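K.L.:
Spelled out from the first residue to the last, the chains are:
There are 2 protein chains.
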Amino acid sequence: MGYNDPVQLRTRAIGIFDSGVGGLTVLKEVARLLPSEDILYLGDTARVPYGTRSERTILKYSLKNAAFLLRLGIKLLVVACNTSSAVSLPALQRENRVPVVGVIEPGARRAAELTRRGRIGVIGTEGTVRSGAYQRAIASYARGEVEVIARPCPLFVPLVEEGWTEDPITYQVAHRYLDPLRREGIDVLVLGCTHYPLLEEVIREVMGPEVALINSARETAWEVKETLAELHLLRPEEGGGRRRFFVTDNPEKFIKVGRLFLGEEVREVEEVDL
Amino acid sequence: MGYNDPVQLRTRAIGIFDSGVGGLTVLKEVARLLPSEDILYLGDTARVPYGTRSERTILKYSLKNAAFLLRLGIKLLVVACNTSSAVSLPALQRENRVPVVGVIEPGARRAAELTRRGRIGVIGTEGTVRSGAYQRAIASYARGEVEVIARPCPLFVPLVEEGWTEDPITYQVAHRYLDPLRREGIDVLVLGCTHYPLLEEVIREVMGPEVALINSARETAWEVKETLAELHLLRPEEGGGRRRFFVTDNPEKFIKVGRLFLGEEVREVEEVDL
Chain A
1 MGYNDPVQLR TRAIGIFDSG VGGLTVLKEV ARLLPSEDIL YLGDTARVPY GTRSERTILK
61 YSLKNAAFLL RLGIKLLVVA CNTSSAVSLP ALQRENRVPV VGVIEPGARR AAELTRRGRI
121 GVIGTEGTVR SGAYQRAIAS YARGEVEVIA RPCPLFVPLV EEGWTEDPIT YQVAHRYLDP
181 LRREGIDVLV LGCTHYPLLE EVIREVMGPE VALINSARET AWEVKETLAE LHLLRPEEGG
241 GRRRFFVTDN PEKFIKVGRL FLGEEVREVE EVDL
Chain B
1 MGYNDPVQLR TRAIGIFDSG VGGLTVLKEV ARLLPSEDIL YLGDTARVPY GTRSERTILK
61 YSLKNAAFLL RLGIKLLVVA CNTSSAVSLP ALQRENRVPV VGVIEPGARR AAELTRRGRI
121 GVIGTEGTVR SGAYQRAIAS YARGEVEVIA RPCPLFVPLV EEGWTEDPIT YQVAHRYLDP
181 LRREGIDVLV LGCTHYPLLE EVIREVMGPE VALINSARET AWEVKETLAE LHLLRPEEGG
241 GRRRFFVTDN PEKFIKVGRL FLGEEVREVE EVDL
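Chains as they are written, first to last, in our numbering: chain A, 1 to 274; chain B, 1 to 274.
Honestly, I wouldn't trust all of these hints.
[Stated by the list, open to error] Here are the simulated lysine to aspartate or glutamate pairs, EDC-like style, with alpha carbons at most 16 Å apart: (1) A:Lys60 to A:Asp273; (2) A:Lys253 to A:Glu162; (3) B:Lys253 to B:Glu237; (4) A:Lys253 to B:Glu126; (5) A:Lys256 to A:Glu162; (6) B:Lys60 to B:Asp273; (7) A:Lys60 to B:Glu95; (8) B:Lys60 to A:Glu162; (9) A:Lys256 to A:Asp273; (10) A:Lys253 to B:Glu55; (11) B:Lys253 to B:Glu268; (12) A:Lys225 to A:Glu55; (13) A:Lys225 to A:Glu210; (14) A:Lys253 to A:Glu237; (15) A:Lys256 to B:Glu265; (16) B:Lys253 to A:Glu55; (17) B:Lys60 to B:Glu95; (18) B:Lys256 to A:Asp273; (19) B:Lys253 to B:Glu230; (20) B:Lys253 to A:Glu126.
[Stated by the list, open to error] Quick look at which bits of chain B chain A covers, simulated, 3 or more residues with Cβ under 8 Å: (21) 80 to 88; (22) 170 to 183; (23) 249 to 261.
Because the hints were derived from the structure by calculation, they are not lab data. Bear in mind the structure is a predicted one, so any value in this text is a computation, not a measurement. We treat Cβ as the ideally placed atom computed from N, Cα and C, and that holds for glycine.
Could you build all of it, start to finish, from the sequences and the hints given here?
P.N.:
Here's what the structure looks like:
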């Protein structure tokens, strides 16, 4: 089965991988936009988080994840992890025959479109910020002079996973991380980590109504739809809509935390050894 | 080289492994108590944290770490990770010929000795708490009726790694986690995670002077000394005191964060692939 029979290809699933559970925010948006597509999701929960690891290690893990999903026969691969997109997207695009969509470019493009003042904030993990990927991507889409102010927010992920998404403590942490960005006069803020959409309300309140928030998951879903449409690979309306979840460790925790992300029960989670 | 030439054995190093940087609190106490011992330290920074993973995965990683240090020729192995001690100590003791010291038993014994009311609190990672290892160990040392109240504190590790060890936000998180334990009327609290000694002041203030805090790292160092003394394997005073650090990923971050734990510069860090 090669990538040369469009009719058969259309009914294949979309593959999504993430370092863990966070990529479910991307799955949710893809499923909302493309309800009849089948989706395979892999969370590398034995090696999460990627955000603090070196580029070499992130690349190694990402290639393994991609290979697993490709063996299952997918028509498009989504790298739903910002850190992995930042580090490994070129290698994944080079080495694979299916189109590969990351979560950096869609958010970066939207940010470059939306900014009026040319001052864009980006928040993410250490790995994402350190890679400079958002900075480069935004510069490539910007029409005028654009300054990108990026900063890591390492406590946001554990706060979300603790379920403290509307907690006074989380507001204080958000102020600590975001007040300096607000003072920089940014008018667009990219939520450059899959966990952050769960803090959208907190971040919106801290940043105020003047600052547009970019949800990378949502932008990525649009990119997936456009890519499939261009290649005539959208699934016909009838049937489909199946989900299958794979994790490399601890399916119980994935099911428990996954619910926060998906807003519904996560079913059919299989453990695999990569 | 077997474990049968005590004279040669004495000059061998002590091996310490941890999931990451936290075990440096154990190294620090061992080095303080046994300044002339050589120490090899391995931090499995490519797979940290262990606290949220399944037992099967924690065991797999722990066996790999132990094998690495044993190949370098050590006289005693310290499992400086609470989660790994909780899950993999029996297997490590069974499969290796050198004595293996974990961080659970020493703290549990001390807690059982110190309690007057028979109500002991334990805080640690999810994995440590879920394993029930402290609960079992304390019960085995207790002379009378003892109740153990254990709870995970998942935000403590990222707060320490962020360097917010004396921060108002950290006090609030500590109150959230610890107030229920205080209300339970415990008189001893075991800091069952290697990161927590860095929060000793915060925890002491929240718990009040009535509650004795057990620093597992310190108790473990005493156990190492006693074990070596019993086996006549303490190093002669002259020479020694060398340190070598190995990490499976990101030595830069290990050096940066390690400083917080060790209170001094971390030198000679080598990256290895396990």
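K.L.:
Confirm or reject each hint.
P.N.:
Status of each hint after checking the structure:
Only pairs whose Cα atoms come within 16 Å are accepted, and Lys60 (chain A) paired with Asp273 (chain A) is accepted, the gap being roughly 15 Å. A threshold of 16 Å between alpha carbons decides the hint, and for Lys253 (chain A) with Glu162 (chain A) the separation of about 12 Å falls inside it, so the pair holds. Straight-line distance between C-alpha atoms of Lys253 (chain B) and Glu237 (chain B) comes to about 33 Å, which puts the hinted pair past the 16 Å bound. Note on Lys253 (chain A) and Glu126 (chain B): the hinted pairing holds, with a Cα-Cα distance of about 10 Å set against a maximum of 16 Å.
Between Lys256 (chain A) and Glu162 (chain A), the direct Cα distance comes to roughly 11 Å. Compliance with the 16 Å bound is thereby established for this hinted pair. Of the pairs offered as hints, the one joining Lys60 (chain B) and Asp273 (chain B) holds, with about 15 Å between alpha carbons and a cut-off of 16 Å not exceeded. Our distance criterion of 16 Å between C-alpha atoms is broken by Lys60 (chain A) and Glu95 (chain B), whose separation comes to about 30 Å. Using a Cα cut-off of 16 Å, the hinted pair Lys60 (chain B) and Glu162 (chain A) is violated, with the two alpha carbons roughly 26 Å apart.
A threshold of 16 Å between alpha carbons decides the hint, and for Lys256 (chain A) with Asp273 (chain A) the separation of about 20 Å lies outside it, so the pair is violated. For the hint pairing Lys253 (chain A) with Glu55 (chain B), the CA-to-CA distance comes to about 13 Å; that is within 16 Å, so the pair holds. This hinted pair checks out: Lys253 (chain B) and Glu268 (chain B) have alpha carbons roughly 14 Å apart, not beyond 16 Å. For the hint linking Lys225 (chain A) to Glu55 (chain A), the alpha-carbon distance of about 29 Å lies beyond 16 Å, and the restraint is violated.
About 29 Å separates the Cα atoms of Lys225 (chain A) and Glu210 (chain A), which puts this hinted pair outside 16 Å; it is violated. Of the pairs offered as hints, the one joining Lys253 (chain A) and Glu237 (chain A) is violated, with about 33 Å between alpha carbons and a cut-off of 16 Å exceeded. Straight-line distance between C-alpha atoms of Lys256 (chain A) and Glu265 (chain B) comes to about 40 Å, which puts the hinted pair past the 16 Å bound. Of the supplied pair hints, the one linking Lys253 (chain B) and Glu55 (chain A) holds, its CA atoms being roughly 13 Å apart against a limit of 16 Å.
Using a Cα cut-off of 16 Å, the hinted pair Lys60 (chain B) and Glu95 (chain B) holds, with the two alpha carbons roughly 13 Å apart. A distance of roughly 32 Å separates the Cα atoms of Lys256 (chain B) and Asp273 (chain A); the hinted pair therefore is violated under the 16 Å criterion. For the suggested pair Lys253 (chain B) and Glu230 (chain B), the alpha carbons sit about 38 Å apart, so the restraint of at most 16 Å is broken. Taking the CA atoms of Lys253 (chain B) and Glu126 (chain A), the gap is near 10 Å; set against the 16 Å cutoff, the hint holds.
Against chain A, the stretch 80 to 88 of chain B contributes 0 residues with a C-beta closer than 8 Å to a partner C-beta. That does not satisfy the three-residue criterion, and the hint is violated. With a cut-off of 8 Å between beta carbons, the stretch 170 to 183 of chain B has 3 residues touching chain A; three or more are needed, and the interface restraint holds. Residues of the stretch 249 to 261 of chain B with a Cβ under 8 Å from some Cβ of chain A number 3, which satisfies the need for three, so the listed coverage holds.
In this structure, the hints that do not hold are numbers 3, 7, 8, 9, 12, 13, 14, 15, 18, 19, 21, in rising order.
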